[in-house]
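Trainee: Each chain is listed here by its residues.
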Amino acid sequence: MTRKQRRLTLISLAGVVLASAVGLVLFALSDGITFFTSPSDVLAKPPSVDQRVRLGGLVERGSIVKEADGVVRFAVTDGKATVPARYVGILPDLFREGQGVVAEGKVDGSGLFVADTVLAKHDETYMPKEVVDALKKSGEWRPEDGDGPAPQTVQR
Amino acid sequence: MLLWIVMAVLTAAASLAVLIPLGRQPHAPAHAGAARSIYRDQLDELVRDRERGLIGDAEADAARIEISRRLLNSDSGAAAEAPAPPPAYRIERLVALVLLPLLACGIYLYVGSPQLADRPAVNRAAEPTAQGNVDDLIAKVESHLAANPEDGRGWEVLSPIYMRLGRFDDAVRALGNAKRLLGSTAERESLYGEALTRASGNVVTEEARAAFDRALKFDPDDVRSRFFLAMALGQAGQKDDAIAAWKALIASAPADAPWLAAAQAELAQFQPTSTVTAAAPTAGPVAPGPTASDIAAAAQQSPAERQQMIEGMVSGLAARLDADPKDTTGWERLFRAYMVLGKPDEARAALLRARASLAEKPELLAVVEQAARDIGIGKD
Amino acid sequence: MIVEIGHYALVLALVLALAGGTLPFWGALRGDNRLMAVASTTSVAQFLFVAVSFAALTYAYVVSDFSVQNVVENSHSLKPLLYKISGVWGNHEGSMLLWVLILVLFGALVAVFSENLPLKLKALVLAVQSWISAAFLFFILIASNPFLRLDPAPLQGHDLNPLLQDVGLAIHPPLLYLGYVGCSISFAFAIAALIDGRIDAAWARWVRPWTLTAWCFLTLGIAMGSYWAYYELGWGGWWFWDPVENASFMPWLAATALLHSAIVMEKREALKIWTILLAILTFSLSLLGTFLVRSGVLTSVHAFATDPTRGIFILCILCVFIGGAFSLFAARAGQLSQGGLFAPISREGALVLNNLLLTAACATVLVGTLYPLALEALTGEKISVGAPFFDMTFGPMMVPLLIAVPFGPLLAWKRGDIVAAGQRLLFAFGAAMAVVILGLALMGTPSALALFGVALAVWLMVGALSEIAFRIKLGRVSPAESWRRGAGLPRSAWGTMVAHFGVGVTVLGIVGSTAWNSETIVTLKPGEAVTIGSRTLTMDGFVPISGGTYTGTGVRFTVRQGGNVVATMEPEKRLYTVPNTPTTEAAINTFGFSQLYVSLGDISADGSTVVRVYWKTLIALIWLGALVMTAGGMLSLSDRRLRVGAPKPARRPVAVPAE
Chain R
0 MTRKQRRLTL ISLAGVVLAS AVGLVLFALS DGITFFTSPS DVLAKPPSVD
50 QRVRLGGLVE RGSIVKEADG VVRFAVTDGK ATVPARYVGI LPDLFREGQG
100 VVAEGKVDGS GLFVADTVLA KHDETYMPKE VVDALKKSGE WRPEDGDGPA
150 PQTVQR
Chain D
0 MLLWIVMAVL TAAASLAVLI PLGRQPHAPA HAGAARSIYR DQLDELVRDR
50 ERGLIGDAEA DAARIEISRR LLNSDSGAAA EAPAPPPAYR IERLVALVLL
100 PLLACGIYLY VGSPQLADRP AVNRAAEPTA QGNVDDLIAK VESHLAANPE
150 DGRGWEVLSP IYMRLGRFDD AVRALGNAKR LLGSTAERES LYGEALTRAS
200 GNVVTEEARA AFDRALKFDP DDVRSRFFLA MALGQAGQKD DAIAAWKALI
250 ASAPADAPWL AAAQAELAQF QPTSTVTAAA PTAGPVAPGP TASDIAAAAQ
300 QSPAERQQMI EGMVSGLAAR LDADPKDTTG WERLFRAYMV LGKPDEARAA
350 LLRARASLAE KPELLAVVEQ AARDIGIGKD
Chain A
0 MIVEIGHYAL VLALVLALAG GTLPFWGALR GDNRLMAVAS TTSVAQFLFV
50 AVSFAALTYA YVVSDFSVQN VVENSHSLKP LLYKISGVWG NHEGSMLLWV
100 LILVLFGALV AVFSENLPLK LKALVLAVQS WISAAFLFFI LIASNPFLRL
150 DPAPLQGHDL NPLLQDVGLA IHPPLLYLGY VGCSISFAFA IAALIDGRID
200 AAWARWVRPW TLTAWCFLTL GIAMGSYWAY YELGWGGWWF WDPVENASFM
250 PWLAATALLH SAIVMEKREA LKIWTILLAI LTFSLSLLGT FLVRSGVLTS
300 VHAFATDPTR GIFILCILCV FIGGAFSLFA ARAGQLSQGG LFAPISREGA
350 LVLNNLLLTA ACATVLVGTL YPLALEALTG EKISVGAPFF DMTFGPMMVP
400 LLIAVPFGPL LAWKRGDIVA AGQRLLFAFG AAMAVVILGL ALMGTPSALA
450 LFGVALAVWL MVGALSEIAF RIKLGRVSPA ESWRRGAGLP RSAWGTMVAH
500 FGVGVTVLGI VGSTAWNSET IVTLKPGEAV TIGSRTLTMD GFVPISGGTY
550 TGTGVRFTVR QGGNVVATME PEKRLYTVPN TPTTEAAINT FGFSQLYVSL
600 GDISADGSTV VRVYWKTLIA LIWLGALVMT AGGMLSLSDR RLRVGAPKPA
650 RRPVAVPAE
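Protein chains in written order, with numbering that gives the first Met the number 0: chain R, 0 to 155; chain D, 0 to 379; chain A, 0 to 658.
Note that these hints are calculated values from the structure, not bench results.
Covered by chain A, per the in silico footprint, the following chain D stretches (three or more residues, Cβ under 8 angstroms):
id, segment
1, 55-67
2, 89-96
Restricting the straight-line Cα-Cα distance to at most 25 angstroms, the calculated cross-link-like pairs of lysine-lysine (DSS-like) are:
id, chain 1, residue 1, chain 2, residue 2
3, R, 105, A, 381
4, D, 325, D, 360
5, D, 246, D, 216
6, R, 105, R, 65
7, R, 44, R, 79
8, R, 44, A, 381
9, R, 79, A, 381
10, R, 65, A, 524
11, R, 105, R, 79
12, D, 325, D, 342
13, R, 44, R, 105
No residue lacks a Cβ here, since even glycine has one placed at the ideal position from N, Cα and C.
Just chain R, with the same shape it has in the complex:
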C-alpha cells in the first residue's frame, strides 16, 4: 500500500465512524427525546399516547391520594389547567402539595398522565427551572408569595 492509499483508508474509516455517529444522533433525536409541557399544553393539544413528555407545574393542593402498594394519584396544575397523574413508586422526600414538581411519562387515552419518574425540588428553596418558566408563562408565578414558589434557586 502506498502512503496515499493508507491515508485514504484512514480517512474513509473516519468517515464511516463519523457518518454512523451522525446517523445515530439524528435517529435518536427524532425518537429518544422528551418534550417539556405544561398542564395547559397537555389539555390544549394532548401528546400522542406513545410520546414521552415531561410535565411540570405545581402539585395541586388536596390532590394527593395514596393507594395500596405505592400507587399515588395527584394532579399537576399551572393555575390555568390541571392534569391528573398517577405514579407507582416512592415519591421524592420533598414532594408536597403546592410545591413544584416535574413528572416524566406518557398521557394515556383517558387524559391521565402516567408518570414513571417524579422529580421534586431538592431543598426548601429550589424549584425546577422548567417549572418556573411554565408558571411564568401561565401567570401563576408569585415570587412574593410566602408559601408559593420561591424566587431564589439553590444556594448551596
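Start from chain R and add chains D and A according to the hints.
Mentor: Relative to the frame of chain R, chains D and A by itself:
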C-alpha cells in the same frame, strides 16, 4: 498589627519567588538529550518486540531506520547555546519589588476587610445580641434547644416567633415538642392546630382538626379552635354547619375582639345577603390571637423591624405583668425571653419587680423564685 | 486575622500567576534561561499561597467563624467536624478555590518533578498553566470570593443541604477535580509545543504520565459520584445521563482517547497533530464541564448558586482559552513534521480506531448534553434528552470499540496480522460462546441483548488475559520460564491488561444489573414480609434514630434465604432540623457482587410503610471494574520509563554521550 507583619512577610516571599531565579544560572537539560534517550529506548523495545514476534522482520528494519534517522536529527536540533553574560534584569527586578507588592496591596484593599478580626463560634456564646438581629436570637435559642432538646419551655418561647416569621413547619415542630414535654393544654393544642393549618397553606387538615378538637376538650370556649373548626367546615363544603358555627362564634364574641372582623368576613362568604354587615373583605382568612395580622408581612420585614417586633412583644408582656403580677407563668416567660434576647440584666430587674409586686403573696413569689433559679438568674 | 491572611494569600497567588505567565514567556521568546526559571519558583509559590488560602478557609469552617459569609451560608456550628471540612468545597465559592488549588498543585508538581524537561518547554508549560490559574483566581476574587466578611456577624450558619451531608461528598469532588484539572497539564504541554513548534516522542513521553494521573483520578471520581448517586438518591439508579454526569464523562472519554494516541506518538511518532488536538479537546471539555456546572445553565443537584455574572465570567474564560488554543492550533498544526508510517491493520491502526470511536462517542454525548440548551436558546422549545437518547447513540458506538479492544495489544506495530491475533483470541472467543450456550441452557430464552452483553464482557476479560498469556508463552514453555517472562514484561503491559480487564468487569456489571434487575414496591406493616428472588425480607419494626443534626425513624428488616437469616438491614427516614428537610437513606447489602437495596416511602400513622426493594445482579462490578481500571492506570504509571519524564538510564554506558 500582626496581620500587617504576616502580610509583609508573605509579600516578601512572593517577590523572592521572582527574584531568586533571576540571580542564579539554572541547570538546563537540553531537549535533545532527553529525546535521544527515548529513541534509544525505542530501539531497545524494538529488539524486544522482535524477540516476542510482535513486529515482523521487514517492519522492524524499517522502524529501526526510522528511529535511527530521528536519533541523528535530534542531534542537529541541539544548538549549543553560548552562555551569554546575564543581563541586569532592571525591569524584571522592578516588577518583582515594586509592581508585584503594589498590585497585591491594591487588589487586597479593594476586596479584603483587614479591620475585621476572626470570630470563632466558641468565643461568641456569651456575646450580647443587643444590636444583633432576630436571626441571631433564633439561632441562640435553636442551639440551646439542640443541646437541651427536652426544654419544653424553650420550644414554647420559640414557637410564636416561628409563626411570626412564617416558618410554619418549624412552628409545628416546636409546638409539637412543647406539647410532648409540657403536656397538652387548650392553648398548646389550638396553637399547634393553627401552625399545622398555616403550614399547609391555610387548609385545615385532618391532623389540625384533631388538634382543635383536643383543645376544645380542655376548654370548650377556646376561640382559636372554634374559629378554625368553623373554617374547616367551610372548606369541607358543609355550608350550613359552617354558617351556624360562624354565627355562634360571632354571637359569643366580645365587641372588641380583634378577630371579629375576620370571622364576619368568613361568614359573609357563605351569606352574601346576610344581615351581618360584612367587614372590609380581607385577602385571606385571618386568625385570632396574638399572631393574627402580620404573619405574612413578617417574612418580608427587615431584621431591624423583626427585632423591633420581638422587643415589642416582650415589653408588652412586661407591661401586662406590671399591671397583673399574679401570672407566674408570665413572669417565667418574661425571664426566659430576656435571657434569650441576651439581656440578663433586664431579667434580673424583672425579678426585682416581681419580688416587689408579689411581696404580699409569698406562695406565688415562691413559684416565680423557683422559675428564676431554674433559668439561672435568682442567685442573688 | 487568619481569614484575612488567607484572603491576601489568594491575592498574592493571582499576582504571582500574572508574573509567572508573562516573565517566563518573555524569557522563552528571548532564550533567556534565568527568566525561564522564574516559571518554576512562581509555580511552587502559587501553590503555597493558594494552599495557605485554602487552609485559612478550612480553619474558618472548622471554628465556625460566622463573620465569613461563605461559612454562614454553608455551615452550622453543630455540624460534625467531617462535614464542616467537606462543607469547604460543598458550595460554589469553596469548590472553585479547590479547583484552583488542584490546578496550581499540578503546576507545582511539574515544576518540582520535571527536572529532565527542557527548560524552554517547561517554562512555556508553566506559563500556560499560570495563565489558566490567573484567570480562575481573578474569577474567584471578583465574582465568587469565599472570603467576603459580614459585620455584624450572625451567630449561626444555615447548614448544608442534607443531601450533600455525606462521606461521598467529602471525597467525590476532590477526586473529580484532580481528574478534571489534571487535564490542564496535557493542555499546557500541547500549547507549549505549538508555541515552541517542536513535538516529538519525548514530548509524548512527558505528557503521558500526567494524562494517566488525571485519567486515574477522573475514573475514580466518576465511579465515586455514580456510587454516591446510587445510594444517596434512593432511586437505585447508578447513572442518569444527567448533564452534570456527562460533563465529567466527556473529559474521561477524551482523556482515554488521548492516553491511547499518546502511546502511538511516543512509540512511533505518528498521530502528532491528532494528539495535540485531543489534548486541547480534553481540557476544553473539562472547562465546558466547569462552565455547565457552575453557571447554572443546568439545574440539577450539583448546580450550586446560579448567578448569571458568574456564568458569563466562566464563559469568557472558556472562550479565551479554547478559542485561543484552537486558533494557535490552526496556525501551527501545518508546520508540525510528519510522523511514522503504518498499515491500517496494525497496532497504530487499532489505536486510531479506538480514538475515532471514543471521540465519536464523546461527540454524541456532547450533542445530547448541549442540544436541549441550544434548542431552547434558538426556538424556546424545552426538551430533555435522557437515557433513551444515549442508549441509542452511545451504546452502538461502544459495541465495536469493545469488540476491538482485545485485538489492539495483540497486533504488531506498523503492520499487523489480524488472522494471527484472531487465533490468539480463539480461547477468549470460545469462552464467550460457552457463556452464551450456558446461558441458553440454564435460563431458557433470556434476552438476546443480555446474552450478547455478558458474552462481550467475557470476551473482554478473557481477551485481556489471553494477551498476557501469549506474551509470557503460558503453557508453551515451563511455568518457571513463563514466570520469568512475566516478570520481564514492562509494567505498562501489565497495566494495559489490568485496565482492559477492568473494562470487561464494568461491562459485566452494567449488563447484569440492567438485565437481571428485579424490583418490587409493597406496603408493609411490622411483621409482614416481602419476597424478592430467593430472599425474604421481614419488617421487624421501627427504630428511632438521631444523629446531631437530624432525627428520624429507621425500619429494621431481617433478610432470610432458605429459612436462614443472612442479613439485617435498616433503611432510614431522616428529618434534618436546619434547614427542615426530610431525606431517605437507603440500606444496601452486598451478596457476592450483587446487592439488595431497600428504600423507604411514607410511613403512615398505623405503621404501614411503603417499601421499595431492588435486587441488583452483579451491580457492584460496575464500580469494582472502575477500580480495576484505575489500578491498571497506576500500574502503568509506576513503569519506570514513564515516571514523570525520567529518561531511562542507558544500559550501555558506552553509548551515553557527554551532556
